[in-house]
Structures are given as structure tokens and as C-alpha cells.
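As a plain string of letters, each chain reads:
Number of protein chains: 2
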Amino acid sequence: MFQSYTIKDIAKALNLSTSTVSRALNGSHEIGSETKKLVLEYAEKINYRPNPIALSLKEQKSHSIGVVVCEVANNYFSQAINGIESIAYNSGYHVIITQTHESAERELANVQHLLSRQVDGLLVSLSAQTVDTSVYEQLHSKGFPIVFFDRVAQHIPTHRVVVNNFDAAFKATESLIKSGFKRIAHLTSTSNLMISQERFKGFKAALEKHGLDFPETYFRQCNHGGVLKDEIEQAVEGWMNLPSPPDAILSTNDRLTTGCVPILKRLGYKIPDDVALAGFTNSDVAELFDPPLTVVRQPAFQMGQMATELLVKTIESKKAVETYTTEVLETELICRESSVHA
Amino acid sequence: MFQSYTIKDIAKALNLSTSTVSRALNGSHEIGSETKKLVLEYAEKINYRPNPIALSLKEQKSHSIGVVVCEVANNYFSQAINGIESIAYNSGYHVIITQTHESAERELANVQHLLSRQVDGLLVSLSAQTVDTSVYEQLHSKGFPIVFFDRVAQHIPTHRVVVNNFDAAFKATESLIKSGFKRIAHLTSTSNLMISQERFKGFKAALEKHGLDFPETYFRQCNHGGVLKDEIEQAVEGWMNLPSPPDAILSTNDRLTTGCVPILKRLGYKIPDDVALAGFTNSDVAELFDPPLTVVRQPAFQMGQMATELLVKTIESKKAVETYTTEVLETELICRESSVHA
DNA sequence: ATGAAAGCGCTAACAG
DNA sequence: CTGTTAGCGCTTTCAT
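In order, the protein sequence lines correspond to chains A and B.
Following full-length UniProt numbering, the numbering of the first sequence begins with 1 at its first residue and continues without gaps.
Following full-length UniProt numbering, the numbering of the second sequence begins with 1 at its first residue and continues without gaps.
No lab work stands behind these hints: they were computed from the structure.
Among the hints, a few may not be true.
Covered stretches of chain B, as calculated for chain A (at least 3 residues, CB under 8 Å) [said to hold, decoys possible]: (1) 87-97; (2) 282-295; (3) 329-338.
Calculated pairs, BS3-like style, for lysine-lysine (alpha carbon to alpha carbon, straight line, at most 27 Å) [what the hints assert, rightly or not]: (4) K61(A) <-> K61(B); (5) K142(A) <-> K45(B); (6) K58(A) <-> K270(B); (7) K270(A) <-> K45(B); (8) K265(B) <-> K58(A); (9) K265(A) <-> K45(B); (10) K270(A) <-> K265(B).
One side of the interface only, derived from the structure: several residues of chain B facing chain A at Cβ under 10 Å [stated by the list, open to error]: (11) H63; (12) I81; (13) K265.
Note that this is a predicted model, so its numbers are computed, not measured.
Even for Gly, the Cβ is constructed at its ideal location relative to N, Cα and C.
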């Protein structure tokens, strides 16, 4: 380890006791101002840094927060992580990121790993495969700070940061309808996720408002949230081989949206002429696609920030937090050619 | 903090001393097999987990490694981080990620933050603005484990993981030439970075091999590595207003490559008819662009893995490491329409 | 106003 | 084979 000075070194050098030094460093007012000055100056001179590990052991706090997401290499999450880091950093916490790759097993392992690392709190976005959220329930009931963002656990009353998923899907669907599409398919992740359910509800509501049918065959879920290309391919192929194939697709996550495009192309379908596409994604380059993609964009960075602020507040609150907020942010619908007849 | 059992609890429950318990837990052979079994079983039963913070304090090791990159929301780096995590996780290290946003100042602050966090080693990819690498030099000379990847510090003899940048740029440039482009511009990051220099050398070598000119006006650097859109815009606009504008561009990093496209489009230039484009990027969706992009892809995931392996090995080696390796991986050139005359 | 000492959880001499 | 003890760096009573 990279050796640095300790409080003991200072004490020895200045012929003081460690406790005096400690107090001086912490600005206690029961220390003579001369002594204090002496200590502070010397500490400055040797560039003294308190050992955070020793502090953690003492305080029973690790000053770190654990993050559970499906994937870092995902536009939404990398942006959210950015927001998380920005707040965590300024609040004196460091961030340990773990990836589930959409596996519930992996998620549980990650949580346990983070707990054994003594994280002070958890920032989690569930995996697509997660059904059993009892770990979180238990932790939460024991007073352990958890904040969910985006993919929240349904029945656990923690702080949450989400977007208005219903509205987001509603808007996107309505825009497809207004562009003249009538047979709209719905490509989504597992219905384990509340966001999937809500986005589907918004979608359905838009169809209903405009008196459109929704045959069951137009609904397809990808159990791995689009991590596996096969699942997307099967969905798309299944649709296009239908007697009456859809003329548009609404996809409800990053992976699915960007994953759809190459598959449609490879199968020889033109977007939007053969089938239109609109979907959730935080990709910065969706406008560069051929055709430019109509997208629903979430305020990922801000969501990361808010979630972290809430978590830090919970961690640092003296008394048990009793009331939990659910922050609901708005999304942005950006219409481009993929959803407009040429 | 989420309270868990300690070695003391076990000792008390079993009427043993803490040291006996400790030894039993660590499988010492100087412990009676009965006692050992007893301890192990009880520990299992109460789901005992050693406190990593106490361990760290004792061992003077934090079991964490610090990562310094410019940006997480960058295809190359998010993939590299994936590789880093995979190895770190399996080796019992956790990863603290920091972002420089291409600022040298920020980089220094990050390094200091990581050091004060007592990381056991550093995995770094320099920021585009970094000129002064003396922090690393000092650390390295004191025996602190550092591995550079991708953007390495020139004169510090640490382990390194890079790609064959010369060759990568050479191949890409030659492919442009073979497609008939003759006036090829070079869009790059600051020349502080060795990768910029090497990629430029490869570029020049290809031009020379084919007897092509390279007017100085065709060389443009972005001091913020493309983080600021303006810098790219200025470069591109400058070129296109030249009496003899380039007919192709080679861009040498992720941000620059994907940043070029919308600017060219907005200015009304068709790719590749008005100007062709080939560039370094690890984007997964470059083939979906309009037009599909010709790219140089680095084995980011693998680079992250190798760098982490080297770092862990360095951290854990008993004796000071004396010989350092530079791992050089190959890139992949994927030719698509952006660099081929229609 | 300052020092001595205990203790956070764990390991490792040292003693038996 | 097992227990006692000191110590990692720091804070915090409790004395003085």
C-alpha cells in the first residue's frame, strides 16, 4: 500500500497525544488555538490524509454506495451512472457498480457482494428476470437504505425515481397513430418489470382512444430484455410472417429499439415503409440512423442524480425515514423519419 | 449500517477465543477438526461474513482498484469497463470508476481522490488534456501499481495495454485510398496522447506509400477530444471551405467519429459522395448509420480484462515488479458505405 | 486544554 | 491445539 502519514506521526512529531491531534484536526473547540494551528499547519505540510478505512471501521460506515444495473454499456444506464457519480462524488461517497446482465441470479449475487462490502445504501434498477424481490424487502424492513430508479420493485415502499411511463408510451403510440399507422405491435421486456406493464398500459390506452384493435399476436416479450439478439429476431420474424403483419412497432427499451433495426434490415423490410419503428432509447446517435429513429428519451442523468440525492439523504438521516417519495419525471418524444410515412 | 455478525459473536456463542475462531475460519491446520467443524457450521448457520473494512485496515489493502477514464458514456470505455469489472470481480477487487471529462485538472483530482480512498492500484487512460504525468511517475517510482490502457503515459515504464495504433490507422487510411479517395483529412484529439501521434503516423505512412500529398490544412485537432461539439464543427467547416476541400476524413476516436456525422449532414454534405468518412469507434450501431460507417474497432472488453489482470498481478506480487510488458492487440477494420464511392 | 485508554473487527505473534 | 494480547488508524469517553 501507498504509505501515508497517520495521526500518530503528527502526534510524535509535535509531541502531543493522538487524541489532541485528532481533536485539533476535527476542529474541536476544546483545543488551544495555538496547538490547533500547529497541528493544522503540520498536517497541511506533510499532506496528511485521514485513512478512510480506519474511519469506516470506527463509524461503521463504508461511505460507499452500491449500484445494481443490467448493463453499463447501455445508453440509458451509462448516462444515469454519470448522474449518480456526480452526486455521490460531491457527497463523499464512492460508487460500486455491478451488472446483472438481466439475470436474477446475478442480481442477487451482486447485492450480496455489495452488502458484504458494507455499502451504506443501494441504488437499484431491477433485472428483467427478477421476480423475487424479497432480498430488498428484507433489507428495507431492517431499515437499510435503498432507492430504486427506473425499474422499481412494485410492493416495496422505498424512495423511487421513475418517468411517467404510461404517458411516454401513450405519446409515442399516439404519434404513430397520427402518422397513419393502424396495426401497431408492442415489443417489450418481461412483464416482471413495472415499467413494462405501465408502458404497455399507455400503449393500449392510446390504441383504445383511437379505436384501434390490438390482436394478441402483436404482443411480444423478450425475456432477456433484448440482451440476446435471437429473442428480438424471433419476435420480429413472427410478426412479419403473420397473415396481417403489423405496420409499426413500439419497442420499450434501449436494447430492443436499437436491436430491432438491423434485424428488420436484414430481413429486407424498409423502415418506415414496410414497418415503422418508434421506441425507448437514450442513444445519442438515433438521429444518425437510417432512417433517423423516433425515440422516447428519458432524463437519465437527472434520474441518476435524484436517486442518489434521495439515497444519500436516507443514509444520513438520523432517524428512520418514514415517508418515501416517488419522483416522476417526464420523458421527451422526438419524432423522426422512422415513424413517418415517406 | 446493516448489522452483521462478528467473529466475537461466534466466539462467545461457542465459548472459544476470537483467535481460535479466526483460525478455524481461515482453515488453519493447527485447529482441532472438531472445533473447526463446529465453528464453520455455526458461521454458516448465522451467515457470517467477515468485515472487509476490518480486513482492509489490518492488511493495509483496500481490495479496490481505481479506474480513470474520460467518460463512461463512450462505447469504447463502457466496453473496457465491462472487461475490467469481469476480472476485478473474480479476483476479489472492487472497482471505483472516475471520469475526467477530458480535463487534466479533473484527472488529477480523481487520482488524488482514489489514493485517499486507498485503492490498491490504478487503471488509467489519460485525458486528452493531460500533459503532466508526474503524479503517475512519482507513484510508480514509489512502487505503486499502475497499468495504463489505450491512452498510455509515454515515458513511464509500467504495464500497458494498447492496440497497434499505427497499423489500425494505416489500414483504415489505405482502405480509403483504395476506394479512390486522394485528399484525406485527419481529425484527431490532442497530440498529448500517444495514440494520437501513432495513429497520425500510420495515417501518414499510408499516404506516403501511395504517393499522396498531405497539406497541413488537412490536419485538425480537437483539444477536448470531441467532447465539445464546437471543436468538431470548426474543423469540418474549416475543411469544407478550403479551396480544395478533402474528399475523405479519418477520425481517430469515438467521439470524433460519431460527432462528425451530424455535422456533415447539417452542413449539407453527403457521405461519402461529398466527403467520405472512416474512423475509430466501438459503437455497436455504426452499421445502422446513414450511411453505415467504416470503423476501426478496438477489442475494448479484452483490453479491460488484460489491463486488470496485469494490475492484479502487480498488486499481489510479493516482490517488486521489475519488468513491465506492453500488450499490443490488433484492431478490426470494418468497411462499410461511408468510405466507398456509391 | 490535554492525555490515557478503550474499542471498531480482524489477524498474528507469543504463550502455554 | 487453543488462548492472550497487541495493533492496524481513528474517535471518544473518562480522567486530570
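query = Does the structure break any of the earlier hints, and which numbers would those be?
reply = Hint check: 3, 6, 7, 8 and 9 fail, others pass.
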